[in-house]
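*Asks:* Residue strings, one per chain:
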Amino acid sequence: MDRFIETLQRPDFIENLIIHIEYTVLATLIGLLVAIPVAVLVNRSDAASTFAINVGNIGRAVPSLAVLVLMFPVFGLGFDSVLFALTLLAIPPILINAVVGLRQVSAQILDSAKGMGLSGRQVLTGIQIPIAAPIIFAGIRTSAVQVVASATLATFIGGGALGDYIVEGFQRNDTAISLAGAFSVAVLAVITELGFAALERTFTPKGLRIAQKRGRATK
Amino acid sequence: MTGERVKNKTMFIRAVTAMLITALVFVAAACGGGGGGSSSDGPSITVSSKKFTEQILLGEMYAQAFEDEGYNVERKLDLGSEQVMDKSLQDGTIDVYPEYTGTAYVAILKKPPESYPKSAEETYRQVAKFYKNRKDTPMQMLEPAPFENNYGIVMLSKEANERGIENLDDLAAQSDELVFSSYSEFQNRSDGYKNMQDSYPELDFKDIKIVNDLGIRYKALAEGEADVGIGFTTDGQLASPELKVIEDNKDIWPKYYPAPVITQEFLDKNPDAKKILNEVSASLDADKMRELNGAVDLEQEDPEDVAQGHLEDAGIIE
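Sequences listed follow chains L and U, in order.
According to numbering that gives the first Met the number 0, numbering within the first sequence proceeds without interruption in unit steps and concludes at 218.
According to numbering that gives the first Met the number 0, numbering within the second sequence proceeds without interruption in unit steps and concludes at 317.
Derived by calculation from the structure, the hints in this document are not laboratory data.
Check each hint, because a few of them may be wrong.
Stated by the list, open to error - Sample of chain U residues with no beta-carbon within 12 Å of chain L, all distances over it, derived: (1) Gln125; (2) Ala238; (3) Gly293; (4) Leu297.
Unchecked claim - Partial pick of chain U residues on the chain L-facing surface, computed with a CB cut under 10 Å: (5) Gln186; (6) Arg188; (7) Lys218; (8) Ala225.
Using N, Cα and C, we set each Cβ at its ideal position, and we do this for glycine too.
I would like the entire structure built from these sequences, with the hints used as guidance.
*Replies:* This is the structure in structure tokens:
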């Protein structure tokens, strides 16, 4: 227990914690900036959507550690390599959820929107995106939590972050040090999860929320 | 309708057959794995090792040498840290594993850096004495192999030669211009970086990057991402003339010679075990060990084959 507290009080702990948060925020944000426009672009075509989902699924299967090692000759040690690998990791869940979310908006709704004279752009921003918002947010949330967990790999390539303690404890056979690292990562993951759950609620359109509640009540 | 039914029946039979075959394969695999040598009626021994390439290779060599002498060998390689290994020896889960004289001195005898013996012989003498006089489970550390696996402070030969760096004093003097890539454990344990700084007070690197992967530390040197790295003197990578180990001219680390640690009980029952293990140790040296480690780490060869190849070359097994 002493070693656990001692590790949390080390001067480099805050530094590594901040780097860990930085990785998470940046990777998720860049992932978002890449995935959402792609999802919107492929939205019109069935083939393109299927393609995007499959590429996303392949992306999920590639181990982040492998990407880290592959990126090393390009970006060198540390921050850039790690951020690149984590961004690649962040894209698939956002992309898949956004594509699926936009496409599952029912054809009747889209038809009536068009019937009311809304332009394609208006249908997208006014109807499709708001209805898909909960699903899109679920994707972002999955990404962010995954990135929090995977940022621990930064330690293998000189990127710092909380993985340093997990590996140090392992190397020195001192579970308390590993636990200090793992515990902090777990706390970060829970905070991320809760934070996005709150965001998800905020961004779910009011009408949809009421509909969801009614749906639950009638069941 | 009947045709349909016959088809269904055939499919059912096929499915059951497939399942049975799968089950059979699993059972066969389990038997093969568990009781590989159960046909022979020689004495049984459990050989173990810690979790890195050189340890697995040494453990595999011990195992094959014993098998060659008719022993039934159970392998528990890739097991854990020295504490785990030591405990397993004490409670009889394992009979033998390779340990380094210096590691035993620091981690099992728990001696501080100030007390490190200056010679390899003295380190071995003290550690062997400790094992022999253990109250609960007396053990023996047999003759060490004639090579050392110590910390290796490494630079590209080219850069080291240009800067005229031969030993750690030279390195310390120029360290404010150099980037050091290290790993967490070394930076934080008492015999690691702190010990290095205390012994070479001029040491003050421009930057220290924590890279917790040995292979990437070597790559970082090759790519010029770092000027100085740390590895171990028997790493396969060091077989290359492009890398140079900087001499520790003040002898700040204990001597890490690998030797089998075996329980006294087992030795009493099987007096020939000592000769078998000593033969394996004597067949190795630093260059050989680098080559074997490199075959596994760099060429991705199977440790079992690498160990076998060496033992055959050395004439220990047929």
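*Asks:* If a hint holds in the structure, say so; if it does not, say that too.
*Replies:* Evaluation of the provided hints:
{"no.": "1", "hint": "Gln125", "result": "holds (22 Å)"}
{"no.": "2", "hint": "Ala238", "result": "holds (22 Å)"}
{"no.": "3", "hint": "Gly293", "result": "holds (19 Å)"}
{"no.": "4", "hint": "Leu297", "result": "holds (14 Å)"}
{"no.": "5", "hint": "Gln186", "result": "holds (8 Å)"}
{"no.": "6", "hint": "Arg188", "result": "holds (6 Å)"}
{"no.": "7", "hint": "Lys218", "result": "holds (6 Å)"}
{"no.": "8", "hint": "Ala225", "result": "holds (7 Å)"}
Figure legend: structure checked against the earlier numbered hints; every hint is met.
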